[in-house]
Amino acid sequence: MELDLEAIRQLAEEDPDAAKEMVRKYRKAMIVLARNDPSWFCQYVLKNRGGGMIRQQPHHHAMHKSILENQRSLIWTFPEAGKSTQVAIGHVLWRLGKDPNRTFGILSNAAQMAANIVSAMKCEVRGTPVLKADGSWARIESLVEWTKLLTLDTRTMRYVEVTGRSAYNSNERCFRIELDSGQAMHVTENHPLLVLDGAALVWRPARDIKAGNSVVAVRNYTPKELTSPEEIPPEAAELIGYLLTGRLADETMVLRKMNRQPGWIARRSDFFNKLGWTVKDNGRWSVRVSGGDTTPAEYAKQVVTFENGWPVDVHPAVWALDDTSICRLLSALWSAGFLKSYENTRNRNGFLGGSIGLGNSRVPSHIEHVNRPTLDLFRRLFMRAGVRARITKSKYTAFADLGGICRRDGSRYKDLYRLSIESADIGRFWPVSATRHAERPDHYLEKVVRVFKMSMPQETWALEVQESQHSYISGGILSHNTYIAESPELHDVFPELKPGDRWAANSFTVQRSTIRKDPSVTAIGLTGKFLGARFDGLVLDDVDSVETVLTPEARNLTERIVRTKALSRLSEDGWAVAIGNVWDKDDLMHRLEKTGWKSLRFPVMDAKTGQSNDPENFPLERIYAIRDEDQGPLEFSRLYMLEPRAEGEERFRMEWIEGALLKGRQSFLLKEGLIKVPPGCRTVTGVDLGVKKKASSDPTAVITVLEIPTSKERSDYQLLNIEFGRWNAHEIMEKIAEQQRLFNSEVWVESNGCFVPGTQVLTASGYKPIETIEPGELVWTHQNRWRKVLHRHDGTARYVVTPKTHGNLPVTCTPNHAFYVSRAERTPGRNGGHWRPTNPTGWCSIGFPDTEMFLRVAVPTWPDCAATLELSATKQLAARTIDVDEQLAAVLGLFMAEGHTSNGYVHWTLNKSETYIADFITQTMQRHGFVARTYARQNTLRVTIGQKQLARLLKIGKHDRKCLPLKWMGWPVELRLALIRGWFIGDGCVEKNGTRRVNPSLNLTGCTVSRDWAMFVRSTLHQAGIPSSIACKVRRKPTQIAGRTIRGKPIYCIRLADSASQRLRSLMSLPVESAHWDKRWFVSVRSNISGTSTILQSGEAWTRLLPYSQTASETYEFYDDGPVHNLTVEEDHSFTVEDFVVHNAQDMLIQLMNMSGRSCKVNAFYTGRNKYDPMYGVESLANELAMGCWTIPSWEGNLESAEPEVKQLCDEMYAYMPNKHTGDLLMALWIAREGARTSKSKSDNKVEFGRIRLRR
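Counting in the working numbering, the sequence shown runs from 6 upward without gaps.
Hints in this document: simulated from the structure, not taken from any laboratory. For each residue, glycine too, the CB sits at the ideal point set by N, CA and C. Heads up, a few of these hints could be off.
Stated by the list, open to error - The calculated label-pair distances, taken between Cβ atoms and stated as ranges, are: (1) Pro868 / Asp924: 33 to 41 Å; (2) Asp275 / Glu183: 24 to 32 Å; (3) Glu235 / Lys306: 19 to 27 Å; (4) Glu183 / Asp255: 48 to 56 Å; (5) Gly203 / Pro462: 44 to 52 Å; (6) Gly951 / Asp1125: 54 to 62 Å; (7) Pro845 / Pro1209: 34 to 42 Å; (8) Glu235 / Leu280: 18 to 26 Å; (9) Asp255 / Glu235: 30 to 38 Å; (10) His839 / His964: 33 to 41 Å.
What the hints assert, rightly or not - In silico DSSO-like links for lysine-lysine, alpha-carbon gap of 30 Å or less: (11) Lys603 / Lys70; (12) Lys972 / Lys1054; (13) Lys503 / Lys33; (14) Lys570 / Lys522; (15) Lys306 / Lys279; (16) Lys1038 / Lys967; (17) Lys25 / Lys503; (18) Lys1038 / Lys809; (19) Lys953 / Lys972; (20) Lys570 / Lys599; (21) Lys773 / Lys1038; (22) Lys1054 / Lys809; (23) Lys419 / Lys458; (24) Lys503 / Lys215; (25) Lys400 / Lys419; (26) Lys960 / Lys1038; (27) Lys33 / Lys70; (28) Lys103 / Lys33; (29) Lys306 / Lys285; (30) Lys398 / Lys215; (31) Lys793 / Lys997; (32) Lys285 / Lys419; (33) Lys70 / Lys153; (34) Lys25 / Lys70; (35) Lys590 / Lys70; (36) Lys997 / Lys917; (37) Lys1054 / Lys997; (38) Lys917 / Lys960; (39) Lys1038 / Lys963; (40) Lys570 / Lys103.
Can you build the whole structure from these sequences, using the hints too?
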């Protein structure tokens, strides 16, 4: 049961009362459900870390059911599955609401972890600045991940670091608390601030704070790690201060003039002159600064964040400046107060600055500004120096434009705000000796001047703090987050549940009808004391840890503590639930299970279906990243799949691995290579390719082994070297070449660049799905010719990628598949010019391009042929040939758009208003000897020719298979354009480009359900020099057109931008075209803009590859060993998919190595599904280990003394399970062994046995 908020918003616009009633009924229904069912209670009351309600999963219901039906329950979950623990705590609160006289306990390895769960997160509005530990400020909504924050410990009144994260709460009416400093806080009614109450400081919710109260504010904070003077010199800090007083305008900086202090005027000018910046007057009150190698605007953008041209934040390194530099920055900023408007112009221009003192001792007293957020930035900067700055509204308004430092934005008057500082505080940063200041504490009391509740709801965010302080600094004010017992949703369900008078960091009490000394809920650590408490319910929350399961003694101690300290405190009918991870087969939860506790397991992923059990927080990509990168297969299987490995399940048994290590005693990996390969032996290198040079990507593994024949049918193997890391293509090539040089080895590289099923391949008979292509079919290659397919390869892939381009159909393939590309460069021109393809051209794997590039778009051609219609003979009619002219070609194009055949008849179905098209068809066909008749039917006109020869010729397929014969692609391009012009009359339209009202441009667009016809049209246009783009849409519902039902087939749209449309329009010379387009067409004054994404250059078509996202989850899609296919093509080794020219099955890294001129010959190893073969797959390596065929180097002959690379390989062996991810090193080892086994180049020389010598 979920509420569709978007539907409610739409309904509220039409009928607010109905929307309000719907929400009321929803809440009422939820309250009724929540009161009787703990699952609905958790969904309605609790908030998860991502914000919003907990969406109940089936296993959440199972958890509640188990707790309700069993006095003792075990629930195994994976790490970070906070929702499961949260649901259990929600169960405690639900029980507490049902009976507030009960007491409950939470036992955790870390008591504070459990205490955090029972605490609620009070809220502030979106945009509230929160102080981070590095001294910078972040908006509360940006802190969704755990972040180090700075707060004030109320016990010591010292700054301390805490960890917090935010979550969206809801949209609700907030309290606005206005302070004397000018700061205004917007908080929910139960959000507490630290208020002076008599002589004590107490936390008080916003609804109880009144005008005249004083709240605790902070100042004079210093980050733990300061920015060094080498990173930002003091001179640079002063320069930043000058720029902060200005506005970003048209890529220049507009700054205030100084007219009250010659010394500072000269000082600022000298700074700008040294940088080569030019200062020009910009009206009466401002100057415009520009020029230099790095312009002022470019410099400012590096360190300052602007909104609408105004500075609103600075780089974290600026917030962390040392005391000297921050004072120089503030002095430069404060010098803006030396701008004074004249007395008789204040009412028109505002009073922008003020100063006190005389002559060179004059000091600014205040600054006035039109942008309040900018002044708030200044206020928080002054806090670094221990200065309290105050923002008030000026009595003046800005009437004039003020030379660009104030934009009126259509309003005649602009409010001004004043930032002022007490005279005694100026000396804390101003470089004069005339002022003095005294040291003060880090906190002070800020007076509340006004409190009221806002009339409109605002977006609120809650900030959760892990540490016991439960506080953070919000805009300079100390804020707190308290307990979930005050949750409004909780009181909706249980209105009688009210907070009691006992609250602590790890316990709380609600009001009861009986006298009971124990808190209602207590959270305590494993080594804490319960002080004689009795519990009606107990949650054991992740009691085990690495320390508690390390030894049998530790496991015994944990069990004894839980049984004697916690479980013994349960009442006679008390219940207990244990939630945790799998640590060991003999950990606490396994011991409890053996004593009859009911157990439930909820792994991160369903082992049978492969689907995530928590897709919202753990999508498959994240799961596999944890498995492959963070934990490794062994730890992932234990922690996330809840599978403690039982003895006997291993495919690679540890005793076999240890036997191979023992054989390699007193040896190391041969990093320096072999001096000589022993006679009769050979070295083989296997390469398992990674995806990309990113931490979130698979690494590349390179393993070299020595094959030692021991008989005609059997060989032993010795591991020589391991290299692995995340490298780009060039680095991989270097690594492979180095291994070949050091070991003189054969190199076998994994080659699995493939396409997913359904990918359309261009053949001589049209587009076909790649999985249906058979050897012998002709495909279009990068050499602009047709070549035969030799083989089709079927395999699997773990990851796929979909390259992003404009104006082309999507294609999904493995990241290492190579496309034909050209380097992209910008042409000279305004705004950096345009991207255009340049030399060189070549092949590049699509998953990791290292530069801007264009992809080649195929422009296929067919053999030239005469433009004739060959009518075959029938019983009544002799065969004849008709020469096709422009008019007949247009009629045939119209047939492609509006025609069909039936029982010896040819029909064109038109709109009833298109009589001019019917006349054109009739006249043209009669001129070629055909009798055409026109029939009117309701809203349509039908032109019909009863002629079997023509009907047989035009029987060209139905629906998505309908296309004029592809051999007609050999006609002259002029006649093919006439075909397309006729088709556009029937299936084309002219539309405006976007919503531009002034000088709109037009697009000519035609739509078809035939992929082959779309290719026919686009290729012809490109051959004629008219660029076009293609897009695919899917019609969801069947549509009636002229009495025919059009089903939900993909629709291909061919779009011509303005200039291309006008060019095709210039070729439209037929009267029917004038009649059709004259009333629809318009001439665009913007026709010089191409607006197309396809570039035609030297007879070739190119489209730009858009940059990939830096986020791996947005670039690579986990495919879970799904099916993929590829082709091998004779001679050219390339083919065309979805108009893109791509390389065939052999991976491009192999091609580059073989064509680079190196002596290293690389062989392609196509894995496919072979790795699961029990005879020759990865598992066969285990059989060889068992028979003693392998030698793995280790100095002492055991795993502990082995090198890190060897340890990882052995871990991957031990963790290997069929049909699960194979480790990268193990995969490379198998490739090397399989490359040696399948190779036919084994040496017949006699084997010489002896110790292998190291290269020195």
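Unsatisfied constraints (hint numbers, rising): 2, 4, 5, 31, 33, 34
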